[in-house]
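Trainee: Model the full assembly from the supplied sequences, consistent with the hints where possible.
Residue numbers (this note's numbering), protein chains in the order written: chain A, 109 to 587; chain B, 800 to 891; chain C, 127 to 625.
Hint data in this document are derived by calculation from the structure and do not stem from the laboratory.
Where hints are given, some of them may not hold.
Stated by the list, open to error - Here are the simulated distance ranges between beta carbons:
| id | chain 1 | residue 1 | chain 2 | residue 2 | range |
| --- | --- | --- | --- | --- | --- |
| 1 | A | 571 | C | 541 | 44 to 54 angstroms |
| 2 | C | 609 | A | 156 | 43 to 53 angstroms |
| 3 | A | 550 | C | 565 | 26 to 36 angstroms |
| 4 | A | 575 | C | 155 | 34 to 44 angstroms |
Source: prediction; values computed, not measured.
Quick reminder that beta carbons are idealized off the backbone N, C-alpha and C, glycines included.
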Amino acid sequence: MDSLALAVALPLLAALLATVWPARATLLGLLGALATAAAALMVITEVWEHGQLSTALGGWDIPLGIALAADGLSAALLAMTALVGLAISLYAAAYFDGRQAMHFWPLWLLLWTALNGLFLAGDLFNLYVTLELLGLSAVALGALGGDRAAVAASLRYLLVSLLGSISYLLGVVLLYTAHGSLDLARVAAALQPGPVAAAAMTLMIGGLTMKAALFPLHFWLPPAHASAPAPVSAALSALVVKAAVYLILRLWLDLFAPLVTTGAAMLLGGLGAAAVIWGSWRALHAERLKLLAAYSTVAQIGYLFLFPPLFQATPPGPGRDDLLAALVLMILTHGFAKSALFLAVGVIQKRSGHDRIAELGGTAQRLPATTFTLGLAGIALIGLPPSGSFTGKWLLLNGAFASGQWGWILVILTGTLMTAAYVFRVLSRAFNLEPTPPGFVTDARTELPALLLAAIAAIGLGLAAAPLWPLLGGGEDGT
Amino acid sequence: MTELLFGGAGILLFAMGLWSFLVHEPLLRKLIAFNVMGSGVFHILVAISERGALRPDPVPHALVLTGIVVAVSATALALALDRRLDDEDPDG
Amino acid sequence: MTLDTLLPAAIVFSSLVPGLLIFLVAEESHRLRILLNLSGALVKLLFVAIMIWGVYHDHNYESRLTLAPGLDLVLQADALSVLFVTLSTLLWLVTTVYAIGYLEQTPNRSRFFGFFSLCVSSTVGIALAGNLFTFLVFYEILTLTTYPLVAHRGTPESIRGARIYLIYTLSGGVLLLTGTVWLHALAGPVTFTQGGMLGAVPTEQHGTLIAIFVLLLGGLGVKAALVPLHGWLPESMVAPAPVSALLHAVAVVKAGAFGILRVVYDVYGIELADALGLLTLLGALASATILYGSLRALAQDGLKKRLAYSTVSQVSYIALGASILGPVATVGGVVHLVHQGIMKITLFFCAGNYAETLGIHRVSQMDGVGRRMPWTTLAFSVGALGMIGLPPIAGFVSKWYLGLGAVTAEAEWVLVVLGLSTLLNAGYFLPILYRAWFRPAPEAWPEEHIPPGRLETMGTLLWPPVITAGLCLIAGLLAEAPFSPLEWTELIARREYGL
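Mentor: The structure is reproduced here in C-alpha cells:
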C-alpha cells in the first residue's frame, strides 16, 4: 500500500483499536504513534526523491474518489506533526492514566489522522472534511480535563470552529458552482478574477482566519488552550492552529494567486501586526504560565501573517522562494517550541499543583531539565540565534528592507523585545540559591520529550535548515 | 429558473442563520442557527446538481450526505458538552 | 575535511562540549567537573597554539555552515581574531582555576560552570566570526549565556542586576540585528575583509551607510559600555567575582570593542569610515566615555563599582584607537584589547580575594590590607599602576602608541584626553594603594572567612592574580619580543593598512 494512504490510515486504525480495547489504549496508542511517524517518514523520503506525490484511494479517481497528494510544503508539516506527535505521545503515556488515558488515545489518534489527511488532501471538499474532523477531535480533547472552565472554553471553541468551517464550505460550493470541480489544481487553473471568486476567497480565508486565531478573531484561543491538559494544549497550539495557517497559505499561494491584491495582503499583514503587539502585551501581563503560552501563540501566529504583504511585493524568483522557506521555517520552529513549552509547563504544574508565575521559584529551581526546556523554547519564541525562527526572522527582515516596507520592521523588532520581556519574566524565577537540584533530569519520561522538542526548535532548525530549501523547491544553491 | 430559486433561497437561509448565530446567546439557538446555515449550503448544492446536464451531477449529492453527517456529529458534540456544563452547574 | 576546515570549529567545541556535559554532572562530583573544566581549557589552548603558528605563516583556516541561501555561518582565523582568541583562551584557563577556588563550595555549581563554558565558547565564536552575520549570532548567544551567570546568586539584587543587563544587551542586540540585515540587503553578504568591503557601494547610498553605522555602533556600544549605553555595567557587579572578571576583561565588553574594530576596519574600511565622518563620531563618543567613566570612578566607595567605572573608561581606549587614522594609533587601540584584559582581570581577582578572605567590599575598609595580604596587594598594585600608565607595565605601551598615533595623525586633542584620563586614573587608584600599604590596619577585618596560614588565602584564589600580574609586567617589559601582544598587533596593523 502506498505511503500517502498509510499516513492517514494507520492513525485511524490505531484510533479504532484503542476505542474497542480501552484497557490497552496506552500501548496501542504508542504503537500507533510509532507506525504513523514511520509512514510520515516514508512520505517525506519519497517527496524528497520525486518532488511531488499523488494517489487516488481505492482506484476511484476524482471527482468521486478521494485523492491524496504531497509536495514539499505538506511534507514539511507532516514531518513536524510526526515528531511533535511522537513526543506528545511519549509524554502522554506517562501523564495520563485510567479513564483519562482511555479517552485521550482514540481522540488524539483521530486528531493525528485529521492532521495528516489535511496536509495530504488534494481537493477542496476533503479539506473540509478533515478540517471538521480536526475541529471536533480538538474540541473533545480540550474538554478532557473535565472541569467547568475547560468545558466552557471548549464549547466556545467548537462554535467558532463550526462557524469557520461552514464559511469555508460555502466558499467551496461557490467555486464548484463556477468551475464544476473540487480538485485544487484544476480549480486553480480555471480560476478567473470576478465577484464569485472574490466572494469564495473572502469566505474561505475569512473562515480559516477564525480557526487560525488571527487577531481580532483570537478571543477563543487563550481560554481553550490554557484550560486543556498539557499534552492537549501542546497539540492544539503547535499543530491544530498551524493546520489552519497551512490551509490559508495553500489557498493564498496556489488557488487564489491571480486574485490576491495588495490591499488584501496589507489587511492580513496589518491584522498580523496587531496580533504580534496585542498577544505579546497580554502574555506579558498573564498571571498563569499556560495563559502566557496561549497568548504567545496569538502573537506568534501574527508573525506568520506579516509575510503576505512581502510576497505581494516580491517578484517570483529566489527572493520569493526564500520568503516562503522562511515562513515555513517559522511555522515549524513555533510548532516545536510551543509544544515543548506546554509540555514543560505540564511538568511544573504536576510538580507544584499550580502554574502561577509569581510562585514558580522553588519548583523551577528543582527541575533543571524543564527550566532548560523553558529557556530553549523561549529562545525560539523570541527568535534569538541559533533558533530556526532567527533565520526566519532574518529573511523576513531582509524581505522588508528589500521591498522598503519599513512599518513591518518596527513591528517585528517591537515584538521581539516584548517576547523577550515575557520569556525572561518567567526564566528569572528559576534563579533561587536553594535548593540545589540533585541531578539534571528528575522525571525522564516527561522531561526528555519536551527538552528534545525545544532543542530541535532552538538549535536543530537553526543550524540544519538548509535542506528545507530544496524540499520547498526554492533556491538552487540551498545545500 | 428553479436552480436560481433554490440557490437564492440557500444563500438567504445561510445569511439568516448567520445573523441568528451571531445575535443569540443561548447555545440551543446558536446550534439551530448553525444547522440552518448548513441547510442553506446544502440547498445551493442540490440546486447546482441539476443544471443543464442530461442526468444529475452526483458530486453535490455526495457532498450533501457527507455534510449532513458532519453537521449532526458537531451538533451532538455541542449538546454533550452543554450537558456536562449543566451537570456540573451547582444551580443546575 | 582537513585540519584547515576543522580547526576553528574545534576551538569553539573544545569548551562547548565540556560545558554541555557539565550540566549533566551531579553536584557532588567535584573532581569530574574540575577535570572537564580544565581539560577543555587545556585542549583549547593547544588548538589555539596551532592556529597562532598557522596564521603567522599565512595559513587559511575556515569552517563554514550554510543556514540558508546567502546566509553562512563562517568561522575563520586572521591576525585580529587570533589575538582575541588567544586572550580569551588564556584568561579562561586562569579564571577557571580561580572560579573553582571561589565557587566549588557553593550551591548550583553545575549550572554555573556549564554556563561559564558556554560563555567562553560564544566569545571565541565572536573572535573567529568570518562575517557580520556570524558575529551577530555569537554576540546574541553571549548575551544568553552570560545572563544566568549574572543572576547566579539568586538574590533580589542579582535578579535585578541581571534584568538590567538583559534589557540593555537585548535592546542593543535588536539594533545590531537591524543594522546587519539592512547592510545585508544593501550590499549582500558582509564578509570581514581587510581594508573594508563597502568600497563598491555607490556614493548616493552613503547616507544609508551612515545610518547603518549608527545602528551598528548602537548595538556594539551597549556591550562596549560607551556612554550613554554603559548603565548595565555597574549594575551587573552583583555577579560573583570570577564572572565580573570574565565580563570585564574578556567576554562582554571586549566583544563590543572587538565588534567596533571589525566594523571600522573590516566592514567599512578605515578610509571610507573617515570619509563618511564616522571616525569623528566614534572618537567623540570614546573620549566622552573615557572622561565620564573616570570621573564616576572617583566618587565610588565600593571597590567593584570603582573598578566597573574604570572599565567603562578604559575599554574606550580601544574605540579611541580605532577612531584615529593611521597604523600607529591602530596598534595602540588593538593592543589595549589585550593589555586592558590582563590588567583588569588582575584587579577583579584581587577584589574577589579581599571579599572572600576578609570581607572587604569598600575602598574605605582597605586600610593596611597590604600587610595582611601582601601578594594580593602587590598584584593589585601592578594592575592599578598599569592602568595609570606607569612604565614598564603593559598599560604604558598602549598609551604610548595611542599618543604617538595621535601626533602622527595630527589629532592633538587626543593627547589632552589621554592626559586628563591619566590624571583621573591616578586620582582613583593611588588613594587605594596608599590606604593598602601605608595606613594602619584596623583591629579586626569586616568578616574574616579564611584565617592566615602558610599562604594569605586559598592557593586557587592567590595564584591567578599573581600570574596575570606577571603577564602585565612581561607584556610591558618584553613588548618588542616576537609573539608579544605588541608585535602581533603590529602584524595586524600592517595587514589592515596593506603595508
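Trainee: Compare the structure with the hints numbered earlier in the document and write down the numbers of the violated ones, lowest to highest.
Mentor: 3
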